[in-house]
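Chemist: All chains should be modelled from the sequences, with the hints used to inform the complete structure.
Sequence lines, in order, name chains A and B. For the first sequence, the working numbering assigns the number 1 to the initial residue and increments by one for each residue that follows. For the second sequence, the working numbering assigns the number 294 to the initial residue and increments by one for each residue that follows.
Simulated from the structure, these hints should not be mistaken for lab results. The reader is advised that the hints may include incorrect statements.
Unchecked claim - Some chain A residues judged to face chain B by a derived CB distance under 10 Å, without partners named: (1) 11; (2) 16; (3) 174; (4) 175; (5) 211; (6) 214.
Since the model is a prediction, treat every value here as computed from it, not as a measurement. Ideal Cβ positions, reconstructed from N, Cα and C, are used throughout, including at glycine.
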Amino acid sequence: MDAAYLSEQLANGLAIGSVYALIALGYSLVYSILYLINFAHGYVIMVGAFAALTLIGMQVPVPAAIFGACIVGALLGVAVERIAYRPVRHSNRIVPMISALGAGLVLSSLAQLIWGPEVHSFPQFIPRYPIVVGPFTFSSQSAIILGVAVVLVFAASWLLYRTRFGMAAQCVCQDMEAARLVGIPIDAVIIAIYALGGFLGVAGGVLFAMYFNAVFIQMGLLATTKAWAAAMLGGVGNFQGAFIGGLILGVAETLAVILVGSAYKDGVSLLIIVLVLLVRPNGLFGSPAVERS
Amino acid sequence: MHDHSSPNRRQILQAFSAIAAGTILPAGLVRPAAAADDVITLALAAPMTGNNAAEGLNARQGADMALAMINGAGGIGGKKLAYDPFDDQGTPKEAAAVAQRILDADKYAAVIGHVDSSCTLAAMPIYSDAGMPVLCSSSSNPAVTDSGWENIIRMTIRDDYGAQEYSAFAVNNLGKKKLGILFANDDYGRGLRDEMVKALTVLPGSSVAAEAGFTPSVDKDFSSVITDFKSKGVDVFMLNCGYTEGGLFLGQAKGLGITGVPTVGPDALLYDQFITLSQGAAEGAYILAAYDPYAQDPVTKTFMDAFEKAHSSLPSQVAVFTHDLFLLFKAATEAGATSQDLIAKIKGMSFSGAGGKYAWDAKGDVKDRTFAVVQVKDGKFTSTGKAVDETGLQKLRG
Numbered sequence: 001m002d003a004a005y006l007s008e009q010l011a012n013g014l015a016i017g018s019v020y021a022l023i024a025l026g027y028s029l030v031y032s033i034l035y036l037i038n039f040a041h042g043y044v045i046m047v048g049a050f051a052a053l054t055l056i057g058m059q060v061p062v063p064a065a066i067f068g069a070c071i072v073g074a075l076l077g078v079a080v081e082r083i084a085y086r087p088v089r090h091s092n093r094i095v096p097m098i099s100a101l102g103a104g105l106v107l108s109s110l111a112q113l114i115w116g117p118e119v120h121s122f123p124q125f126i127p128r129y130p131i132v133v134g135p136f137t138f139s140s141q142s143a144i145i146l147g148v149a150v151v152l153v154f155a156a157s158w159l160l161y162r163t164r165f166g167m168a169a170q171c172v173c174q175d176m177e178a179a180r181l182v183g184i185p186i187d188a189v190i191i192a193i194y195a196l197g198g199f200l201g202v203a204g205g206v207l208f209a210m211y212f213n214a215v216f217i218q219m220g221l222l223a224t225t226k227a228w229a230a231a232m233l234g235g236v237g238n239f240q241g242a243f244i245g246g247l248i249l250g251v252a253e254t255l256a257v258i259l260v261g262s263a264y265k266d267g268v269s270l271l272i273i274v275l276v277l278l279v280r281p282n283g284l285f286g287s288p289a290v291e292r293s
Numbered sequence: 294m295h296d297h298s299s300p301n302r303r304q305i306l307q308a309f310s311a312i313a314a315g316t317i318l319p320a321g322l323v324r325p326a327a328a329a330d331d332v333i334t335l336a337l338a339a340p341m342t343g344n345n346a347a348e349g350l351n352a353r354q355g356a357d358m359a360l361a362m363i364n365g366a367g368g369i370g371g372k373k374l375a376y377d378p379f380d381d382q383g384t385p386k387e388a389a390a391v392a393q394r395i396l397d398a399d400k401y402a403a404v405i406g407h408v409d410s411s412c413t414l415a416a417m418p419i420y421s422d423a424g425m426p427v428l429c430s431s432s433s434n435p436a437v438t439d440s441g442w443e444n445i446i447r448m449t450i451r452d453d454y455g456a457q458e459y460s461a462f463a464v465n466n467l468g469k470k471k472l473g474i475l476f477a478n479d480d481y482g483r484g485l486r487d488e489m490v491k492a493l494t495v496l497p498g499s500s501v502a503a504e505a506g507f508t509p510s511v512d513k514d515f516s517s518v519i520t521d522f523k524s525k526g527v528d529v530f531m532l533n534c535g536y537t538e539g540g541l542f543l544g545q546a547k548g549l550g551i552t553g554v555p556t557v558g559p560d561a562l563l564y565d566q567f568i569t570l571s572q573g574a575a576e577g578a579y580i581l582a583a584y585d586p587y588a589q590d591p592v593t594k595t596f597m598d599a600f601e602k603a604h605s606s607l608p609s610q611v612a613v614f615t616h617d618l619f620l621l622f623k624a625a626t627e628a629g630a631t632s633q634d635l636i637a638k639i640k641g642m643s644f645s646g647a648g649g650k651y652a653w654d655a656k657g658d659v660k661d662r663t664f665a666v667v668q669v670k671d672g673k674f675t676s677t678g679k680a681v682d683e684t685g686l687q688k689l690r691g
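Modeler: Put into structure tokens, the structure is as follows:
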């Protein structure tokens, strides 16, 4: 097992890890404000990626098609909030999780009705060529995905901690009733959070589709399980945590392939997550205070 | 806020239930009347939803084309042929439930299906007890015909025989020695992998340089596997997988700068998407197909052209075999077979369909069928006319 082999595998791990990180951000955004696991998020991303594919197929210029798909993602995020969350916002925390999962399954069936069950190839609008950084060889696409994920981590932190909207969102997060009393339009804030989650999620989903060169129905479930695991690992609700968690999960999976073979990849990487959570129950970057109900 | 919105919600719910009722009721009413004398109905069991839903779609496309042809030419002895689709979701549990529903309906002359071996294996005991004839397209697990059931025949070539052929082709025809095997980490994929490895024991000088299992329809990133194969000096990719994974694997290999490694795979790869998903890296790949889609046979050509025209894609193996099973049912029925002796009659006859000539042995396996070697050339599948060099395999077949 030479150094070149290991560094190549590390680059592979970072590449897939940054895809997980990108999607995990969407979970963290909603969770950090509402303490809700938005299980529909992965499916919103999947529909968004299909929407991008359809728009590109209709000869819409690529940037416009991606923007259009992000708008679809935002609208879907709002629709999920309105239909699956708001009616049960004040119920036990389990209820909205289940209704979100239900919304996800509906989206999944709907996508199959519209686009069919087959895997679709996704156009490669960013050319793929190797970039050599020291001992590492990255593909150009992985570098861009990693870059986008880093930018989004900072953008999300800035939005939440440095803007008026972010202040309002934090008030909603701390005490919904008090926020309403001081005149914060809490429904509007929550809708905006979901719309933003959907918008950014689809932006990530398009990169995800391009990395795999494929758009497929099961993408929703894949995004849900892997990104959720990454978010847990990093500390749910923490943007840097989601990012680092995604990278660690990606590298852990690659490590599992090297050590025990790809058939046991998921088992090994999830074992690592369990071990981390045993030592740090709130994830690597989660603070205990975040875990109030 | 709950108080304002709840009447609204109730109205929405009512509207939804009205729509739901509206869609379900007519669907219930248009089901063909049971035991109508002028229609022969078959049950088509395949995964219509779930991860393998693409197979179900292909089964229906193949079935629809066969029906159009049969009914367009007057049906079977003046009766129309029809089918009802049954969704086994690609899971054994659901397949067993579907089998029971098909028998309970008491209107089907035969079952066409199932597609996945695990589903066929789960459903067969139920069909067998009732004596329901089963015409199976693509279930390739050896146990499907080795379990002593007398009411089944199948179209595809058995896995154990097939997997050994893959190895022989890589070693004998291509002269490669260090195999890199990618396989689905389920019963089907592991079974194939085991037989491929077994064949290497009688093919001198060959070995498994690297292997990797993947979780079907979940794993889509093969970068780490590809890097592993490369570092272990693999000189031929053995892709024991569907067209999705196969195409993605080659496309990702190209992204990592690895091209020009010969590739051998099953006819699950024989689908346009394999070439598209590989982004050109499938060029030169060899596919061992249980039927030859480019045979110069008029029946094959007619079918391929019609399918291309209707769906602007290649038919998958499931579509071809399902299509042929409907024609086979017609041929057997016209030769005097009834539901009771359909399978026995078919075992005694030979038949020619879009997938070539078929004949069956006493267990229900196709006999004297060999793989057609198809290659990707200039972004298209083409028949090479080659045959697998079986030197050495005789030792395994006694």
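Chemist: What are the numbers of the hints the structure violates, in ascending order?
Modeler: Those not satisfied are hints 3 and 4.
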